[in-house]
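Peer 1: One-letter residues, chain by chain:
Number of protein chains: 4
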Amino acid sequence: MIRAAVVGASGYTGAELLRILAGHAEVEITCVTSRQSAGEKISSVFPSLTNRVDLICDPLDRDVICSKADFIFVALPHKSAMEIVPELLEAGKKVVDLSADYRLKKSEVYEAWYQPHSSPQLLGEAVYGLPEIYRDRIPQARLVANPGCYPTSIILGMAPLLKAGVIHPESLIVDSKSGTSGAGRSLKQGSLFCEVNESFRAYGIGQHRHTPEIEQVLGDLAGRELMISFTPHLLPVNRGILSTCYATLVEKISTGELLEIFRKFYHNESFVRIFPEGLFPDVAFVRGANFCDIGLTADPRTERVIVVSAIDNLVKGAAGQAVQNMNLMMGLSESEGLGALPVFP
Amino acid sequence: MIRAAVVGASGYTGAELLRILAGHAEVEITCVTSRQSAGEKISSVFPSLTNRVDLICDPLDRDVICSKADFIFVALPHKSAMEIVPELLEAGKKVVDLSADYRLKKSEVYEAWYQPHSSPQLLGEAVYGLPEIYRDRIPQARLVANPGCYPTSIILGMAPLLKAGVIHPESLIVDSKSGTSGAGRSLKQGSLFCEVNESFRAYGIGQHRHTPEIEQVLGDLAGRELMISFTPHLLPVNRGILSTCYATLVEKISTGELLEIFRKFYHNESFVRIFPEGLFPDVAFVRGANFCDIGLTADPRTERVIVVSAIDNLVKGAAGQAVQNMNLMMGLSESEGLGALPVFP
Amino acid sequence: MIRAAVVGASGYTGAELLRILAGHAEVEITCVTSRQSAGEKISSVFPSLTNRVDLICDPLDRDVICSKADFIFVALPHKSAMEIVPELLEAGKKVVDLSADYRLKKSEVYEAWYQPHSSPQLLGEAVYGLPEIYRDRIPQARLVANPGCYPTSIILGMAPLLKAGVIHPESLIVDSKSGTSGAGRSLKQGSLFCEVNESFRAYGIGQHRHTPEIEQVLGDLAGRELMISFTPHLLPVNRGILSTCYATLVEKISTGELLEIFRKFYHNESFVRIFPEGLFPDVAFVRGANFCDIGLTADPRTERVIVVSAIDNLVKGAAGQAVQNMNLMMGLSESEGLGALPVFP
Amino acid sequence: MIRAAVVGASGYTGAELLRILAGHAEVEITCVTSRQSAGEKISSVFPSLTNRVDLICDPLDRDVICSKADFIFVALPHKSAMEIVPELLEAGKKVVDLSADYRLKKSEVYEAWYQPHSSPQLLGEAVYGLPEIYRDRIPQARLVANPGCYPTSIILGMAPLLKAGVIHPESLIVDSKSGTSGAGRSLKQGSLFCEVNESFRAYGIGQHRHTPEIEQVLGDLAGRELMISFTPHLLPVNRGILSTCYATLVEKISTGELLEIFRKFYHNESFVRIFPEGLFPDVAFVRGANFCDIGLTADPRTERVIVVSAIDNLVKGAAGQAVQNMNLMMGLSESEGLGALPVFP
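For the record, the sequence lines run as chains C, D, Y and X.
Okay, so the first sequence: first residue is 36 according to the working numbering, each after it adds one.
Okay, so the second sequence: first residue is 36 according to the working numbering, each after it adds one.
Okay, so the third sequence: first residue is 36 according to the working numbering, each after it adds one.
Okay, so the fourth sequence: first residue is 36 according to the working numbering, each after it adds one.
So that you can see chain C by itself, here it is in the shape it has in the complex (with noise of 0.2 Å):
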């Protein structure tokens, strides 16, 4: 059995990590913590957990995660991310973490966007954890950063078609619209019911902090560097990520034929699901589950095509991944403790 901790466990990442994590054959959850709720049980912070998962939680201090477990995952916010992860790693303990500190490969980027790196050594050795791109470097990786949520599905409803040169990269725009879940526990205006219900809104336009983690996994995938349109939404659901994403073909290409590259590239994979022609992902399709749904179009009239992808923000858009990425660390089957269905309605 795996001794595992999920540090940060008070968020709603931490709580998805948990609830996985509880139905994971090869895995012990041996210490959770949270700085707010530190001496609770986690069953009270989430109630959900209750009878299953009623583990008390731990102060965030490095010696007692060592001490309790052996894998880590860090859900912490990005910045606090990076105060710990160093730590772990140098007490020899195996680490997913959900933040943003360890996705970017330059730290000049990162400080772009985000703020001063304090551990820039470790970006050129962690792996950006998206299995069905860069499978084969995970399971030797002692840091996985398990990439973002509108990454996620952006970079899997793109990759076949940049891998293929069948669009103009420089042509992408991509219009995504987020569950609120995305936003995070913590106490904001913009995160309250009254404001979220009902109603529906772009944010962050051109600005968002995810745009260069897209561009820099994209760029690879298309052997240059591009830069796309990318604008955000929320959306007044819980959970669920839907990307419509845009761009000029290269030449004349039908429907069947742009699904036929989909189908190829995803061959053996168990967690993208390419819809048939004339049917389109829905998030309610994948609630709870760890599936990537792709459907797509070709329109001949403006010769672009246009490609739909959903997750589930929480599953493979940051908890489901991450598990995905242990597992491969760890040698186990990829998708144990995944199996679950989506949960529709």
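Derived by calculation from the structure, the hints in this document are not laboratory data.
The hints are all genuine.
Note that identical chains are pooled: a pair holds if it fits in a single copy or bridges any two copies.
Under the rule of at most 20 Å between Cα atoms (straight-line distance), these lysine to any residue pairs were calculated in the SDA-like manner:
hint	residue 1	residue 2
1	76	224
2	287	206
3	223	80
4	76	314
5	141	336
6	299	312
7	223	72
8	287	205
For clarity, every value in this text was computed on a predicted model and none was experimentally measured.
Add chains D, Y and X to chain C, keeping to what the hints say.
Peer 2: Relative to the frame of chain C, chains D, Y and X by itself:
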């Protein structure tokens, strides 16, 4: 492996049975039926099932079902259920019927609230499948009548009090609120999004068909006939029933003492969670899971007890409980396939 | 033109007052105050007001308010309200206070449920501003205590029955459900979107501070003291309160006869709508409007009456009723500015 | 007083016309028609109208309508509308048609996207009722084709840029999201609460029937034919359309300069609100009101402009705009009856 059929797979309850059974280690789903979708993949009816449950829907045909499966879940509307259940039993199959057709013991009560009954001889044999109350009768049953969603939430909330004799049975008032999946997937104006969202209303006041079912079991527990006031309401959520139950106390008793009665009554139960004093259930804490959560308070001002219980109407209120019954009927661990934690948020 | 101030304009009740007053033919909004947004345009706090109500927020300063306005709506939390109301009255202003501070007649009751009262001498003078019950006292009042949202829905639903003496007062059980705007715009974890959406729960069982207010007025109507069971619940909708009220009938009486009692009681009322037999209110049917809708049924099985009433908690439950009171205090038509129909869907 | 009829009153657009017209000082609603509810009170179809609009629904009969009313709002589905509009005009009535039947100028375009047209001779005469663009043609019209909801939001968001020539017309990509009332009140599985709530999906990608309407007017503004990529999505809210529009800039221009172009273009408009730099529209800020809110940003990285516009699809996108057109056709103040502020939250 149990070869299982889901008859009536294109409704929400059918889909939920498939979701749960797909993760059950001892079950192979070998047959799904749907009148309106016969010949189609069930995963085109419910794309959430894509790549996991891709069976073609059979028509509603006794011979087909019996040739393909040994254990049958009947998820048809009442009246349709009793047209096929007797034939399935004759063919030697074990059946959990999720309709109302075999829940009432007296055919005249059934006929007063529903319509003429075509197989009243089975009413005596059928076992009311609420394991926490009638567990000992279920293993040997060939026909289990799966309880209604409202009755499950109300009976589990009231049973310990009636059994202990601490309330006046005739004082019972139940105010229940159900998520909209309880209304099914059929087309009704009242089920349209714009008619339910940002809306809340009572319906069927004093006339809901679950009333005699609740009174039958509560009367059984109280050892005398009783009548309740039961008012259901429609909640703008997908899943969940919360019942708020009011009863007059026979004599002064504290909240702590009442909770102790509940803890003893449900001492060995996996799926009933008694909340500590001051904490109350929320439908969000049971979403997607087979729990019934219960909280209560004694109000010394009015000498009443108020019990609040919450279930997911599609799980403990339907498909989850049906699988729990199957486990008992087949000699499996009662919680096999039902270990998933609630999906929060 | 009445020069009106809204003190505490950055909460939902304040915003609703501005929305209604902006369409009132006899009112000019001349002052809005907000501690946290002083110096900002109120339309930057609530962009819905853009180009229509663009006043700069003043700080909470008695002299500023009194110099700019003659009629003052105080939309502050309880305790904050009583710190300024006496000064406004001394300055000769008329005041509708929307907090709980002047609703209870007895300071000892106020102090048992809230905290010490700093101006108990005003409790006798303040008029409880429920026009359908106390209309004759309002025109000459200089201080009107605007009723709470729950009390408005419950009192209007129960008044005709208590007045007619057809129910046992001590049998009254009220199960209420409120939209989330009732919790205000302050930052609380329980008000976050992901904690309310797809959720439903009871709170403050047996302890809600509106209890003594309801009991005071219902006791007044019944001609004797009484105690009720009152359970509020949080609904995942922005606006609306639905109260389901249960009481034991003194003697057999039909639904039709009970409805006739209601129709007579509310004969000349513009804002109370009695639904015909078999139809029941929905919070969606009063959204954005000043109505209280009422439906009921007598249940011959249990000899109880079930009354359902619905209001918009921000309109008839707060700002609309406040304007109705202002109209009466200023000798205007009672419905001036309140003619808007509900926004459905 | 204008005697007005609402033909097709049992849909959401019909109900919204009644809500608005009931508050219009110069209008008396004298006729409402509904095929399925003929003989019933319209307030039993929409209880929100109780005690305010209690007319009996007439069947869809030209003679009845023409005898009772002088100004006719036709709120029928396309195809049904063109079966009655010519007769109403012949009878000398003025008509605002809210269907798609008279919006397109070329019958061959109509027939390519819809079906054969039975009165193509009226296509030239009908005026496209978007007052902010075609105001001068409306007063003398006897038939106004009320714009579609998506086109209203998109055209108002793009008109100033196309007119100013600062974007490449062929680069236009529009990602729109609509509340569910846009799908109407007819029974469709995809409109059920459980299929929309907690869901989000694209539909009609590259094929939506509003596409030619948008292209017709944008082409008119650009002075050349153009083709756009238009992807509608279904939002789990009752009301509101938010369109996010992407276009490539012809040359470098700042956000401030672009906003200045918008402010000039809409200088005297009551119903278009241009948000300051850094603020963006939300469908919640226009709920129930006739505004179109617009915000934008120039992205120097990608040399694109992103415009976000929001309307209430039932008001500025349908009934409110229809009343605005009526006001112009009847020589009234353009904003009469349309003064209500948005209902937030």
